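Okay, here's what each chain looks like letter by letter:
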Amino acid sequence: MITLDNVSFRYKQAAENTLHNLQVTIAEGEVFGFLGPSGSGKSTTQKILYKHLVTEQGSVSVNGKSLRDWGREYYHFIGVCFELPNHYLRLTARENLQFFSAFYPQIKQETINYWLDKMGLLEEADKRVSEFSKGMKMRLNFIRSVMHNPAVVFLDEPTSGLDPGYAHKVKEAIKGLKQQGKTIFLTTHNMNDADQLCDRVAFLHKGHIKEMDSPRVLKLKYGSKKVQVTDIHGQAHCFEMSDLSSDPDFQQLLQGNLIESIHSEEASLEEAFLKTTETVQA
Amino acid sequence: MKLLKWDFLLFSRYYVIQISLVLAVLYGLSFYLLGQGLSFELFLVLFCSETMIMSIMYSGTLALLDKSQSTFSALSVIPQPIHRIYIERSLVLALIGCLGGVFLLVGYGLISSILLALPLLFLLVMACSLQGFFLGHGAQGFTDFLLRVVGLCMTYLIPFASLFWNSGHWVWWLFPGYPLIHYFKYALSGETNFLSLLLPYIQATAYLFLSVYLLKRKLENLPQS
Ligand SMILES: Nc1ncnc2c1ncn2[C@@H]1O[C@H](COP(=O)(O)OP(=O)(O)O)[C@@H](O)[C@H]1O
Ligand SMILES: [Mg+2]
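The listed protein sequences correspond, in order, to chains A and B. full-length UniProt numbering puts the first residue of the first sequence at 1, with every later residue one more than the last. full-length UniProt numbering puts the first residue of the second sequence at 1, with every later residue one more than the last.
One thing to keep in mind: the hints can contain errors.
Claimed, not checked - Pairs of lysine to aspartate or glutamate, DMTMM-like flavour, derived with a Cα cap of 25 Å:
| # | chain 1 | residue 1 | chain 2 | residue 2 |
| --- | --- | --- | --- | --- |
| 1 | A | Lys108 | B | Glu88 |
| 2 | B | Lys5 | A | Glu124 |
| 3 | A | Lys51 | B | Glu88 |
| 4 | B | Lys5 | A | Asp243 |
| 5 | B | Lys216 | A | Asp69 |
| 6 | A | Lys12 | B | Asp144 |
| 7 | A | Lys219 | A | Asp231 |
| 8 | A | Lys51 | B | Glu220 |
| 9 | B | Lys5 | A | Glu110 |
| 10 | B | Lys2 | B | Glu88 |
| 11 | B | Lys2 | A | Glu95 |
| 12 | B | Lys2 | A | Asp126 |
| 13 | B | Lys5 | A | Glu95 |
| 14 | A | Lys12 | B | Glu88 |
| 15 | B | Lys218 | A | Asp69 |
Calculated from the structure, these hints are not laboratory results. Computed from a predicted model, the values in this text were never measured in an experiment.
Chain A extracted, bound-state conformation (with noise of 0.2 Å):
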């Protein structure tokens, strides 16, 4: 659905490439995550994919068509959650989302009642936006980008500022838009919701994709389990868990009947994500 082929960037007064040799093809109906820490270009790469950046460097196409063939049509078939809120304040979420639906013909006054209860704004929806927390605008940041039911959805750090429970929210939009069937490119420097929610995830590091894979495969591969162990001192114990059987410490522990409790860990995307970036570091 989305294919990236040797994409290079460069911003126009930079001194080098803040993007290098990217190599991405995205499955329909994938959700694709793009982790990396702030400043490593996904946001970037977000702005090539929806035509606000130009690169002559590589080639993008989307559902089979370049992006250069792309004309303004490309924005039916898309849709764009920024990373930061832009709304018109002085217009209550609900006049800013029917502000933008007058673009598309699709979009009914069902349509935006529904999103606004799913994401926990109906009963705010006729405040104007300069009342409303980060957090807020978020969400209606992610309202704009889905209420015209687009095939592919670009999602740019989607659940940053939001408290658990809305961005708990989100997360199941996501995974709502996932079922019926849409790609969706997700970035986000939160490894747990990549974890839950992506199907693939690139690693990215000063715009370089360092690892691409499930996060299961990519867990196994770089991460290791754990157990918690707590003495009945009270003291914290660290094992591995493929140890455990030859571990002396642990055996001493388990004998002479010391243990309070055990807690499995397990092996976490970021551990995954450290060990890719420094071993490229050293």
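Got chain A; can you put chain B with the ligands on it based on the hints?
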């Protein structure tokens, strides 16, 4: 076209409509109450500044607003070419400008020329609005915009010299606001002929198209961030 309604709402929330109507009523009432004696030349300067120059300020400010609230980036991912949004907005501003113009003309007692003057005023104010959008989107910030807009406004004021000096010289036609001056001068002097009424329309239309073209190019080449 469905958008026009939203533009009106947007403009009223940012008080563009209210400010311009209050100003126009204030002008109109003053002319009316103060009675005869305001020189026609001075009336023309006020008329031009209230309609054309104000619309440059309004549209420039609205463009800056779209930049500062980042709504411009939201507008650039909609299926409509972005310059069309601004053309529609200039239509709305032109309507508002014309309404204001009517108050001034009625207050000054020029009711008979309203009908012929309005279409010309519409073209001119619309071009002014497009030029304001052009300046606002080209400027780095408000100070930058102010410097540029002062320059543009001067080009609207300079041709008033034609009321006293070298009137009818072709050079005046180079100034974008001149058609209004020319029109009123001849429409009211009685020496009307068809050409002197047609020329202002031709010039105004030419400038309108030029403004559309320039704005379209500016919006296409704007670096997005
Ligand atoms: N308009 C710009 N001009 C020059 N450099 C920029 C611009 N925008 C972003 N950058 C640089 O590009 C790099 C990547 O930025 P960005 O894509 O926003 O990162 P991320 O979204 O991953 O936080 C950063 O080093 C940033 O400083
Ligand atoms: Mg970013």
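Consistency of the hints with the structure:
1. A:Lys108 <-> B:Glu88: holds, 23 Å
2. B:Lys5 <-> A:Glu124: holds, 23 Å
3. A:Lys51 <-> B:Glu88: holds, 24 Å
4. B:Lys5 <-> A:Asp243: violated, 69 Å
5. B:Lys216 <-> A:Asp69: holds, 20 Å
6. A:Lys12 <-> B:Asp144: holds, 21 Å
7. A:Lys219 <-> A:Asp231: violated, 28 Å
8. A:Lys51 <-> B:Glu220: This hinted pair holds, its Cα atoms lying about 12 Å apart.
9. B:Lys5 <-> A:Glu110: holds, 20 Å
10. B:Lys2 <-> B:Glu88: holds, 10 Å
11. B:Lys2 <-> A:Glu95: OK: Lys2 of chain B and Glu95 of chain A at ~13 Å, within 25 Å.
12. B:Lys2 <-> A:Asp126: holds, 21 Å
13. B:Lys5 <-> A:Glu95: Holds. Lys5 of chain B to Glu95 of chain A sits at ~11 Å (cutoff 25 Å).
14. A:Lys12 <-> B:Glu88: Violated: Lys12 of chain A and Glu88 of chain B sit about 32 Å apart, past 25 Å.
15. B:Lys218 <-> A:Asp69: Given that 25 Å is the threshold and the Cα spacing comes to 21 Å, the pair holds.
When held up to the earlier numbered hints, the structure conflicts with 4, 7, 14 and fits the remainder.
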